[in-house]
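Residue numbers (the numbering used here), protein chains in the order written: chain L, 264 to 602; chain F, 264 to 602; chain S, 264 to 602; chain X, 264 to 602.
Errors might be hidden in some of the hints.
[What the hints assert, rightly or not] From the derived model, a few chain L residues whose C-beta atoms are all more than 10 Å from chain S:
#, residue
1, I265
2, G287
3, T338
4, Q421
5, K445
6, Y471
7, S509
8, P525
9, S531
10, L534
11, G535
12, H538
13, R584
14, R587
[Unchecked claim] Straight-line C-alpha distance at most 25 Å; calculated SDA-like pairs for lysine to any residue:
#, chain 1, residue 1, chain 2, residue 2
15, L, K458, L, K401
16, S, K513, F, S509
17, X, K445, X, K545
18, L, K401, S, K400
19, X, K458, S, Q588
20, S, K513, S, D536
21, X, K458, X, K400
22, X, K400, X, A448
23, S, K488, F, A367
24, S, K376, S, K400
25, X, K445, S, Q588
26, L, K513, S, V424
27, X, K545, L, L549
28, L, K488, L, S543
29, L, K488, F, E394
30, F, K375, F, G402
31, S, K400, S, Q588
32, S, K458, X, F442
33, X, K488, S, A541
34, F, K445, F, A367
35, L, K488, X, K458
36, L, K513, S, K458
37, S, K401, S, L542
38, F, K488, S, H538
39, X, K488, X, L595
Simulated from the structure, these hints should not be mistaken for laboratory data. Don't be surprised by glycine CBs; every beta carbon is placed ideally from N, CA and C.
Number of protein chains: 4
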Amino acid sequence: MIRMGIAGYGYWGPNLARAVSESGCARVEMIADQSDAACARAALRHPDARLTADIQAMIVDPAVDAIMIATPVATHFELARAALRAGKHVLVEKPMAETPARAAELVELADKKGLVLMVDHTFIYTGAVQEITRLIKKGDLGQVYYYDSTRVNLGLFQQDVNVIWDLAVHDLAILDHIFDAKPVAVSASSAACIKGSPANMAHMSIYYDDGAMAHLNVNWLAPVKIRQTLIGGSRRMIIYDDMQSSEKVKVYDRGAAPSDNPYEPRMSYRLGDMHAPALSSKEALLSEVQEFVRCIETGGVPITDGHSGLRVVELLDAATRSTRQRGFPVELQQERVAS
Amino acid sequence: MIRMGIAGYGYWGPNLARAVSESGCARVEMIADQSDAACARAALRHPDARLTADIQAMIVDPAVDAIMIATPVATHFELARAALRAGKHVLVEKPMAETPARAAELVELADKKGLVLMVDHTFIYTGAVQEITRLIKKGDLGQVYYYDSTRVNLGLFQQDVNVIWDLAVHDLAILDHIFDAKPVAVSASSAACIKGSPANMAHMSIYYDDGAMAHLNVNWLAPVKIRQTLIGGSRRMIIYDDMQSSEKVKVYDRGAAPSDNPYEPRMSYRLGDMHAPALSSKEALLSEVQEFVRCIETGGVPITDGHSGLRVVELLDAATRSTRQRGFPVELQQERVAS
Amino acid sequence: MIRMGIAGYGYWGPNLARAVSESGCARVEMIADQSDAACARAALRHPDARLTADIQAMIVDPAVDAIMIATPVATHFELARAALRAGKHVLVEKPMAETPARAAELVELADKKGLVLMVDHTFIYTGAVQEITRLIKKGDLGQVYYYDSTRVNLGLFQQDVNVIWDLAVHDLAILDHIFDAKPVAVSASSAACIKGSPANMAHMSIYYDDGAMAHLNVNWLAPVKIRQTLIGGSRRMIIYDDMQSSEKVKVYDRGAAPSDNPYEPRMSYRLGDMHAPALSSKEALLSEVQEFVRCIETGGVPITDGHSGLRVVELLDAATRSTRQRGFPVELQQERVAS
Amino acid sequence: MIRMGIAGYGYWGPNLARAVSESGCARVEMIADQSDAACARAALRHPDARLTADIQAMIVDPAVDAIMIATPVATHFELARAALRAGKHVLVEKPMAETPARAAELVELADKKGLVLMVDHTFIYTGAVQEITRLIKKGDLGQVYYYDSTRVNLGLFQQDVNVIWDLAVHDLAILDHIFDAKPVAVSASSAACIKGSPANMAHMSIYYDDGAMAHLNVNWLAPVKIRQTLIGGSRRMIIYDDMQSSEKVKVYDRGAAPSDNPYEPRMSYRLGDMHAPALSSKEALLSEVQEFVRCIETGGVPITDGHSGLRVVELLDAATRSTRQRGFPVELQQERVAS
C-alpha cells in the first residue's frame, strides 16, 4: 500500500483523497491544509489520516511515500520541488507550473532522483479519450487533419490564471497524448470582457509539423456549457461531446477526396455509417491514481508524466505570449521522446 | 414593375429569378447564361422571360432596369462594372469582388452614377438576423463583448475560392450589420487538408475598436453540419443556431460581474430566464429583392449596399493574408459611415 | 412507359405527378381535378398532360393505364372501384377507404380483375424504414418486444378524419410491414381538445399474437414536432427519429436479461455500442412509383398492396371504436398472407 | 430540532439521512436497518446517530419524534401503522402502500391521531414542478387539455413491483398536484418482455372530469433515458424535459383555435415565443424535509400528504387492474379535498 500525502484539501484535494481511498492500492496517510475548516472536513471523511496545517512537515514525513499537490498554481513548483528533494514521488495538479523553466526544472529533478513525476491531466484517463486514442493509434482515422475543440461555459472565473491556463490546458494535454506530430507554432487571441479580471475568452491555433492543425476555443462567459471536439481524419471523423450522458464519442465514416472520375465533380464525398463505441465507465481519477501507484511500484513512466506536463506548459506560455500581440505566431521547439 | 435581368442561371440564379417573380414588385425580363442547358431550364420556369447566351447584350438591353449577377466570383467585377456603366442598378452575389480595390471601384462608380449597388448578403434578411439586430440595437444585450461563430459542414469544396471567402463571408456580413464598432485587426489561420484544393478550414479572430472580439470557425470537412453563433453581452447572451427548425435564436439572461459584496466570491453569476422570440418566417431572398426594388424606386440606400460589400471584402482579404503568415495580425483602416 | 392518370391535384397530387415525371418509367398522361385553379397549376407544371375537371372521364379514358387517387378520403372507395371496374391499375392515397368493408371490396375486386391495387404508404419506401426492416428481418434485433411511436406536432387539423386516421396510419403501415406477428386486440383513448373538431390526440396500444406490443401516440396539438419511434428487441434496440437530418436510425446494442450468476443482481444489463447506418437518400415517392410500375409490368404484388391497406384500415377502425369506450379492448381477426 | 428516525438505510435511506442533517431544522437521532453492512455505512456518515437493527425498537423510542420509512414497499404499511400508533409523525417512501385499502387505513389513523403523514413524492419539490404548478395555477396555460409523459430508460428492473408502481408513480404524484380536475377512469396496457419479471413497459390513459386527458408511457427496457412531458393548454403549452441540464421547462406561446374569419382556413395556428424560466436549484429532498418539519411544528398539512399518497395508490391500483384486461377502462371515485 502506497502511503499518500495530500497537499491541499480545497476544491480538488477531496477528490484525490477519495480516489486514493477507493483505489485498493494506496491509502491516505496524511492530509495537509492551512485552513482549519478544510482540515475539519478532511477529518470527517478520512478519520484514519493524519492531519496537519504544515505542508512542509508532511512533505518530509518518513511515513509518506508520495505527495499529491492540489494547491494554487503559484505554489506547485515550490511544493513539488521540495517533495522531490525529500525523495517523494509527486502527482501535481494541472497546470504543472507557471513557467516552462520551472516545469523543466521539476522534470530534471525527478529524472535525476529517479522519482515518479506525474501531472494530473485527468481527461487522459477517461473512457472517451482512451477510445479516441485507440482509434487514432490503430489508424482508423487515417491521417489526422485537425482537432477543433470548443470548451466554454458560464464561470468559474479564476483569479490567478487566464482562461487558457484554466480550460485550454485540458485540450493541450489531450493533444499531447493523441497526436504524434510536433507542434511548431501557436497563434492565439484573447479578450478580457470583465474589467479587472484575466482574459476570459481565447482562441488558439496550433500548427503541427505534419500539417495538422489544432484549434481551441475557450470561454468562461458563454451562455451555456459546451464541450465539443471535432477530429478530422482522412478515413474517419470524430465528434467527442462530453456533455452527452451517453454516446460521447461518435465516429463518422465520412470524408472528401478528389474524384478519380474526370466526368464527375472534382470532389467526391463519402457519407457512411456512424458508430458510437461503448466507453469504459471507470472513473478517470481512479485509473489515474492506479497509474501513479503502478509507476511508483514498477519504476514505470506515467502516461501523463512530467515531460508531457512540461510540453503542455510550453504551449500555454506560447499561447499567452501570442495573445499579447494579437495572434502574432510564436514558434515552438519541443523535444518529443517516443512514447 | 422593375424589369430584372438575371446574369447566370446555375446554382443561385434560379433562386433569384424565382424570388423576383414572387416579389410582386419586379419581373424577370431577361435571363442570360452561356450554357444551353441552363437556358433550357430557365425557359421552363420563366416562359415569359427573354433568354440569351450573351450576358453583355442583356446588360445593355434598354428593356432591363437592373441586373442581378449570379456568376462565378472572378466575373463579378467585370459584369457589375459593365452594368453600372450601362446605367443599370446592380445586385451582385457575395463576395462582391475578388479584391478590395475592385470592390472599391464598383462602389465609387455606383456613387458617381447615382445607381443602386447592392450585395446579396442574404442572411441579413432572415428573421433570425433581423431579430438579433433589433435586440442589439435596442440595448437588450448591453455592451456586446463577442460574436463567436461555427459554420462547418461536409462539402461543398469550391475550386476558385477558399473556405473563408465561401463561408466566413456570411458572418462578416452579419457582423458588419450588427456591430457598430470598427474592426481594427484580423488574425487568421487556415489549413488545406486535401492536396490540390484551397484551404478548407480556417479560424479568424477580429479585433474591434471598442474591445469587442469576433471569431469565425469555418470548415468544409466536418463530420456534421453546424451553424452556431454565440453572442455575448454585458446584459444578455444569445445562441443563434440556424440548424434548429424552431427556436433559432435563444436569448439568455445570464452573465457575470464583479461582486459588490466583499464577503462573497469575487465574481457573481446571473442565471436568469431564456427567451426564444418568434421569428418572421418571410423568405429572406424575397425581402432582399423587395429591398432592392424599394431602393431603385426611391433612391434609398440598401441595407447591404456596396459599402458593406466592400468592408466585407476587405476583411476577407485581410484574413487570407494573415493565414499566409500563421496568424500574423493584419491591421485594418475601415471608414464606417453611420448607417 | 406506363400512362398515369392523376385524380386530384390538391395537396398531395402534385407530388405524385412530379414523382411520375421523374420516374423514368411512367408519364403523366392526364390530370383530373374539379378545381379550375388546380388545373391551371397542373398545366404549368405538366404542359404535356391532358387536363380535365371530370375524374370519371379520365378513369375510363383508353389512353390511361393506371390511376393514382389523391382525393379526399370519402371519395377513395368510389373512385378506386370505378377505376378497377374500368380495368385500370390503382394507387390510392392512405387511408385506403373509410371502412374495412369498403377496403375489402376493393381488394376483392382487384384480385378478381387481376389488377394492381396499391396503397400510398409512403414511409415504407424511405431509406429509414427499409433499413429497419432489413435489420429486423435478418434477426439483428432478436425477438421484437415492442414498437413505441410518438408522432405529434402543431396542426394540421383535418376536418373529415380524426388524428388516428391522419397520423397513426403511418405507423400502422410501418408495423404491418416490419412485424410478422398478427395484431389480436387494440385499446385506444382519444380527446378532442378543440370544440367542434375531431379528436386531435390519441394513444393506442396494439397487442400481437407473439406477445409483442405496439403503442402509438399521435397529436395535432403539441408544442413541437416529434417523430420518434423506439423499437425494443431481445438483442438490439432502435431509435428512429425522423426529425434528425442525419442519423435517423440508431441501433443500440443494449438490453437486459436475467442474470445467470446467482451471486449477482437478478438482472444484468448490456450497454454496448450504438450504430447509425447510412441510409439510402433516394426519394421515397420515387421508389414507390417505380414499385407501382414494376408490378403493373410484371404482375407482381406491391409491397404496400391492397391487403396491407385493408389491414391498416381494420386497425384504424378498431382503434376508433375503442376510443368511444375509453379504451375498451377491440379484438381483431386478421388474415395474414405470408409476405 | 425535530429528532428523526430513519427506517431503512439501503438505496434511498442515505439520501433522506443526508437531507435531514443538512436541513438545519432536524437531526438524525436514530437509523435502523437489519443489515450490518448498512449500519456500518450509516455509522461512518452519521457518527452522532444511534444505530439499531431493530426498526420496531426505533419506532417506539421516546427520543424520536418522527419516522422516515425507506424500506421495501411491502413493509410500508406495517411500519407506518406502527409508527403512527406510537404517536410518531411519518414520512413514507412512494408508493405509500401496496393497496388503496392500506393507504386509506394509514390516512385515517394519522387523522385520528392528529399526526403528520407525508409521502415522499420528491418531484413535487423540484424547481421544475414548482414552476409548472405556478404557471398552471395562475392561468398562464389557460384550460389544461392534456399531460403526456414519457419516462423510460434501461433498468432498473424491480422485483416486487411492476413498472407502473415504480415509474408512473412519479407522474401520478405530479398530476395530483397540478391538476384540480378529478380522474374518473383509467385504461392501461402493459407487457412483460423478460420472462419471469414483472411488466416492464406500460401505457396508461387517465380521463378527467373536465375532459382533460393524461397519458403516461413508462418502460424499463428502452435504449436511452427519456424524461419528457408535454402539457397542452388553451393558451400555452409546456415541454418539461428533465434530462436537460438547463432549460428543463419550456413554455410555448403556441396553440390552435377555430378561425373567426370565414374566408380563412377552418383552424388558425398561433406560433409565438418560447420562454424557459429560471428554476430554483434548491435540492428537492431538502425542501421536502423542511416541509415535513414545518408541518410537524405547526400542525400544517404537507403538500404531499397522506390523502395525495392514497389517491396516487388508487390510480396505480386501477391501472394495474386495467392492464389485466387489455385496457378495459376502470372507473374511479376519488374524493378530492380542496387543496
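query = Hint by hint, which ones does this structure get wrong, listed from lowest number up?
reply = 7, 10, 11, 12, 15, 17, 18, 19, 21, 23, 24, 26, 27, 30, 31, 35, 36 and 39
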